[in-house]
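S.K.: Residue-level listing of the chains:
There are 2 protein chains.
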Amino acid sequence: MTPDEFRKAGHRLIDWIADYRATVASRPVMARAEPGEIKAKLPASPPQAAESFEAIMDDVDRIVMPGITTWQHPRFFGYFPSNGLLASVLGDYLSTGLGVIGLTWQSSPALTEVEEVTTDWMRQMLGLSDAWSGVINDTASTGSLVALLCARERATDYSLARGGLQAEPQPLVVYTSAHSHSSVEKAALLAGFGKAHVRIVPHDTEFAMRPESLDAMIADDLAAGRRPCAVVATTGTTTCTALDPLEAIARVAKNRNLWMHVDAAMAGSAMILPECRWMWAGVEEADSLIVNPHKWLGAVFDCSVYFVRDAEHLVRVMSTTPSYLKTAADGRVKNYRDWGLPLGRRFRALKLWFLIREQGVAGLQARIRRDLANAKWLEEQVAATPGWRVVAPVRLQTVCVRHEPAGLTGEALDRYTLEWAARLNQSGEAYVTPALLDGRWMVRVSIGAELTERMHLEQLWSLMQQDAVR
Amino acid sequence: MTPDEFRKAGHRLIDWIADYRATVASRPVMARAEPGEIKAKLPASPPQAAESFEAIMDDVDRIVMPGITTWQHPRFFGYFPSNGLLASVLGDYLSTGLGVIGLTWQSSPALTEVEEVTTDWMRQMLGLSDAWSGVINDTASTGSLVALLCARERATDYSLARGGLQAEPQPLVVYTSAHSHSSVEKAALLAGFGKAHVRIVPHDTEFAMRPESLDAMIADDLAAGRRPCAVVATTGTTTCTALDPLEAIARVAKNRNLWMHVDAAMAGSAMILPECRWMWAGVEEADSLIVNPHKWLGAVFDCSVYFVRDAEHLVRVMSTTPSYLKTAADGRVKNYRDWGLPLGRRFRALKLWFLIREQGVAGLQARIRRDLANAKWLEEQVAATPGWRVVAPVRLQTVCVRHEPAGLTGEALDRYTLEWAARLNQSGEAYVTPALLDGRWMVRVSIGAELTERMHLEQLWSLMQQDAVR
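Here the protein sequences come in this chain order: B and P. Counted the way our numbering counts, the first sequence spans residues -19 to 450. Counted the way our numbering counts, the second sequence spans residues -19 to 450.
Because the hints were derived from the structure by calculation, they are not lab data. There may be inaccurate statements among the hints.
Repeated chains share a single entry, so a pair holds when one copy, or any two copies, can fit it.
[Claimed, not checked] Simulated pairs of lysine-lysine, BS3-like, Cα-Cα distance not exceeding 30 Å:
hint, residue 1, residue 2
1, K(-12), K21
2, K234, K356
3, K314, K175
4, K(-12), K306
5, K306, K356
6, K306, K175
7, K234, K306
8, K21, K314
9, K(-12), K234
10, K356, K314
Bear in mind that the values here come from a model prediction, so they are computed numbers and not experimental data.
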């Protein structure tokens, strides 16, 4: 494809995306495809000869689109908001079109320096001190793994340079709550700690970690000859946006010499509002912190910012310097390859830079405030309606609800909950995510799509009441 | 930004990229920015109020572009070819514009199923048997880490579900050569093996791993009570595209019960040519394999395919199933989150699907053949010129050269080599990567940019002779 052919095809693609975005509200939210349906429509073997761009786009319309769940739909209340605001989309288009790769600073200086500046903008927007430095990862899964690897290496005085974790005399232990994200346990297992050394600290009635239980578990492990290594706390848990008490946890971590990692992947976006920052009071005492602008803030996926206090330690854990990556600029510049797992890096900062500039901090704040108010509104409706219950405190944009018809309990209630949620999702009118809370299924309504206004909440609430009829 | 504003701004961006791509040959190859220069031009704090798209694009032109190294330049011979062919760029634009995320199959069925089909197309193009299944990662760094984690867990019968690597009685050992990519050692260290348990197997005069040395080192480790765990072999090493003998290594791996991982990140693209497949004879005996379509093949970064034989084992190592990710389709579909590190996944298959369709297999093959012939041509010129030497066999598209003026040896020769390479790079006329080979600096000419024709090799060869004047 020549640049001129690209110009023509690109204009067509831009129009296609503009049309898609303009019509999201009229599409089914959850894709209706059956398992295997899309695969069956695609040729089993690659084409030998070139095909036209038109033929490819025809297949996009005919085959791909029926398998697309509409994440930008104003009645998308599943998982978490990930809007991909259009300014951010254009920032990513610039990155992709330039096709540069960050291997070293020299391999594209702007890739590194715009990332330095933009992550520092994020730091300021979040009200964090300048003790923090940021780097962009793909996801919080990756960031949590990086954090636990750094914790492991600090606790072992860089065992990786010697016999590794496998040569350590006493096992290291990681602490988190049952409400931390699934990627936290996954990271601990991949980092080699083992499930037997991942402690699930009990939580209180608001689903927040109990710092006194944390301290007691640490004492037990120390008494048994094990080495407490890290605690992962969450600001805004996945299931119900619970808030682990960071200040109290930080005191324990400091006393006990643990690495403290804070996962604020989703809720971190709300910390651009000064009135929300009480939720993560104590965050300054952490060693590492994750905020995902690709969630509620509106950057298009993937864009997860990892903030670190001791960047030198991070670099020592992650760095490699083969001869083919040495350049004359080393020592005077950041080489972000030494700040995370992958060597090659996209120019991800552009999508965040475009987003912040096109929206302005004030614009981003206004949208987050709207969503918080919408969540409060829904909470009030549910709480005021007989048979319905809000099953977790609404701190942010997630409302956890259950319809509890008289006489329905236990597994029968679970089946009922899953059934009405499935009916709602299959209708294509709205999309919610059921999840377990204290062993019982409930329905998460995760608010924050760019297009979601009060009207859409009203529609959702009406749909919920229709589908949950018994 | 509304869809209509996006339409307008998007057309402008498409034109901007088309103009950029049409003029790459007239730009400096290596960015001329000084360390800190770009950063200094950007505001230290984020804007409170929204800015116009025009203002952002003005800053792109004025501030960002001087810091962009032109990876698509026809005289880009640095690192590795990573062209980002424009059809692939459009595939990625579609992915970004749709803004869908793969968390579960249900969260966008097409994201999963197009990836299944497209990675299977890649498998067929590479001449691999249908015992392999593919999944797209960001980079080979990530894939190598996944491979070594899978090796670790197979050797320990899933220690992650028990006490982890740290509870294992005998240390596990990983084997590779000094010429494997830096990310292999990094992966071994992050996986917890420790540097003391990473063996560097000696190589022969063509920089390929010696299987008999591998076997002897394994015997030594067994005798010392250690457990040989994995061997990482490379088809087309980074420095000089050396070819580790996979068949012989596979025999050792099989006898000794080691996981065998093959890194063909760069050279794998050439395996779409039947005449090149002798280079990785024995690959079918490996447990895991990486080929990066984002290198020579032309997919825009990032797109690294990880092929695995025992997908069930991979899923067992990587899977997490919190309640909020359970869906009714589980068990009937692939959930790719359980095939790698991150939970959230972009619709990366689109950029590969667009590339293969728009080029056709025959088109991709023709370009790779052109590049192989260009490398041969340069090899012949260098070999035939007094004072110049080809310092490694030219198997693929990388030509490793040194100018050795009479009387210049040792560190003086190193200084001279680095100086003329720096002069060449600073001229902006071409870009090469110096690297160490057998302890001496030489210059890698990595051929394969989409626009690189014989003429550009002639120009490079002339520039090299001008800059290396003594």
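S.K.: Each hint should be assessed against the structure and marked as holding or not.
M.R.: Okay, the hints, checked on the actual structure:
no. : hint             : verdict
1   : K(-12) with K21  : within (27 Å within a copy, 34 Å between copies)
2   : K234 with K356   : neither (36 Å within a copy, 61 Å between copies)
3   : K314 with K175   : between (36 Å within a copy, 25 Å between copies)
4   : K(-12) with K306 : neither (40 Å within a copy, 42 Å between copies)
5   : K306 with K356   : between (54 Å within a copy, 27 Å between copies)
6   : K306 with K175   : between (39 Å within a copy, 21 Å between copies)
7   : K234 with K306   : neither (38 Å within a copy, 37 Å between copies)
8   : K21 with K314    : between (47 Å within a copy, 17 Å between copies)
9   : K(-12) with K234 : neither (59 Å within a copy, 53 Å between copies)
10  : K356 with K314   : neither (43 Å within a copy, 37 Å between copies)
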